[in-house]
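Visitor: Residue numbers (this note's numbering), protein chains in the order written: chain E, 524 to 980; chain X, -15 to 223.
These are computed hints drawn from the structure, not numbers from a lab.
Just so you know, these numbers come straight off a predicted model, no measurement behind them.
Not everything, but these chain X residues come out facing chain E in the computed CB check (under 7 Å): (1) D(-4); (2) Y19; (3) T24; (4) C25; (5) A33; (6) G34; (7) E36; (8) E122; (9) Q123; (10) G156; (11) E163; (12) M170; (13) I200.
Below, simulated DSS-like cross-link-like pairs (lysine-lysine); rule was C-alpha separation at most 27 Å, straight line: (14) E:K584 / E:K894; (15) X:K205 / E:K967; (16) E:K556 / E:K894; (17) E:K898 / E:K868; (18) E:K967 / X:K12; (19) E:K826 / E:K584.
Virtual Cβ for every residue (Gly too), placed ideally from N, Cα, C.
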Amino acid sequence: MNQLDHAAAARQFVADTQRTNWHDETLWWIRQKRDKAAHGLPEWEHLRELASQIKEHTLSKLDQYLEQFEQSAHRNGVEVHWAADANEHNQIVLAILREYGAARIVKSKSMLTEECHLNPFLIKQGIEVVDTDLGERIVQLRQEPPSHIVLPAIHLKKEDVGQTFHQHLGVPAGIIDPKALTEIARQHLREKFVHANVAITGVNFAVAQTGAFVVCTNEGNADLGAHLADVHIACMGIEKVIPAQEHLGVFLRLLTRSATGQPITAYSSHFAKPRPGQRMHIILVDNGRSHQLGRADFRSSLKCIRCGACFNTCPVYRRSGGHSYHTAIAGPIGSVLSPNLDLKKHADLPFASTLCGSCTHVCPVKIDLDKQLWKWRQVIVAAGLAPASKTASMNGLSWLLTSPRLYRLAGRFGRWTLRQFPWLVNHRFNPWYIGREMPLPARKSFGDWYANRGRTN
Amino acid sequence: MNVALFVPCYVDQFFPQVGVATLELLEKLGCAVTYPTEQTCCGQPMANAGYEHLASGCEMNVQRIFSSFEYVVTPSGSCTVHLREHLPAAHGSRIYEVCEFLTDVLRVKSLAASFPHRIGLHSSCHGLRGLRLASMSEQNEPAFSKPIQLLSLVDGLELVYPERPDECCGFGGTFCVTEEAVSVKMGQDRVDEHLANNVDYIVGSDMSCLMHLQGILRRRKSNTDVLHIAQVLNAYEPA
Ligand code: SF4
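Chain E with its partners taken away, still in its complex shape (with noise of 0.2 Å):
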């Protein structure tokens, strides 16, 4: 499996209990608010159930709607391309800069360039690349990935936040008040901002209909920077298409009371048409969601709409850690993702999750993200990409519990071991033994108990 696998990296993050608590404890706070925010909307289910229809609906005719979209795009007078996956991507991204002779880039909202890795990509290329939404920028000061999708620096302090600004930008130590770094954040962007004459911002949702496309922000960095410059260059996952301009109001209204508990985001930027002078450029990026939509168990995958909600109720997930997951997009959602991209590197993540379902029904378009998990370990188990002692167990385990027999013969002798030997599994190579007791074997199964109960009574 992977060099340091979803156990190993969440065993890391775990090991120090008050980050984990606090880590967990806010992210927590964050599915609250979601509560309280689908909670006051009596039609919440219903939207839940309208929003996940169009998207069924949309990606049962996605090339239909594709074509739809890129021609009312042109008709808008903006260039569209088609990338099969993230190399071709970046390639289209760094043609369009050549063409203009850009050296610097702002970019906001994209998960999909973090998906393709455009920064590390274009920065080999000589050029300038500046994630200007606070969280984006703070990692990428960093140089770490994004461990939330919607909450980039999730995993940070701000004193953690403080000591990156005092490093990188050279500001004194010891700040911690969120004002003031949030201001030190805006004037080393502004300028960034001011010198920037490409723009790179993701695309929330794009109208088939009319060839706009909405960009949701809470900073408006999207605007600034596509405004600012002199040419915009939106990247989207062909999934991100919906049939017409009036299904955005029920995304609309799901998205950020799903994300953060806000009734919307501060911005929601439409952007249907260059301004004079200015280009405008669509990149459709496949990427895997073709084969993933050819895939009958995980086709519904393709619906999300990057809310993030699955991320914060997920116990796991707020236990462990984004980067614990070593893919672009981590939680729920990315161990369902992920797998299709690449089974062998991704096959630790399905395993990573009780099952607990939470996520299944926090998700505003209602992707069975439990089930999906689940298919996803007899997909990798058949692959033959399961631990060779895990698959050795469970066939002695399967061997022992398919017959009666055996069964209640291995129940008593393993009980008697146990009883006389709990030295035998009380260890700390015992998994189990870790962090908790055994449970004390019973004198007498249920079984053994039943079969003596009419002579007793």
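Got chain E sorted already, so can you dock chain X with the ligand onto it with the hints?
Guide: Positioned in the frame of chain E, the structure of chain X with the ligand alone reads:
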């Protein structure tokens, strides 16, 4: 009413008292209970670990052994979910978790039970979200709870709720050993909330979760213990 009792394998081996309580409780409520002795396991441990193909032997056993009974009752939400999802519908639909059997089939309105203790309720995920034993905090829906409905029929019992009413305990089948660190942390957090409430017992409807929580309680040498809900509903301890 004729009922067959399915006792999950780990309950059979480690917590026979839960099987006894379930059987006695059903008998008290007027059921004629049979325990087919050939039973073993529902197959879930293998299936949830990714080895669905290794679970079919167990599933076929269950199907064969219980095919002649109208109702099969078991003190486990997660085994019930597994069997409902993996047996042909005609077989799966006859399997009931004990709480839902009491509220939905027997429609129990009173119990001759008394348990003068302070208890905290642990909602196991498979019962909660798989069987819908109660409303869940994620969803915008009217509040209901079959376990609480039943516990409210017990004399003397004081029920207190943890701060997070339906957070997972971290057991998760093989997860409890493959992701030992997170599993234990999740369990500790659950236990902390209940201990902050000064409960005598943590009560739930799945012994697997409770076994995990008990392991943590015992490691801390806590006086608080765990009990299956059937044990509480079957208790007669006058105050
Ligand atoms: S899977 Fe659902 S809950 Fe998770 S990020 Fe996507 S839309 Fe949000």
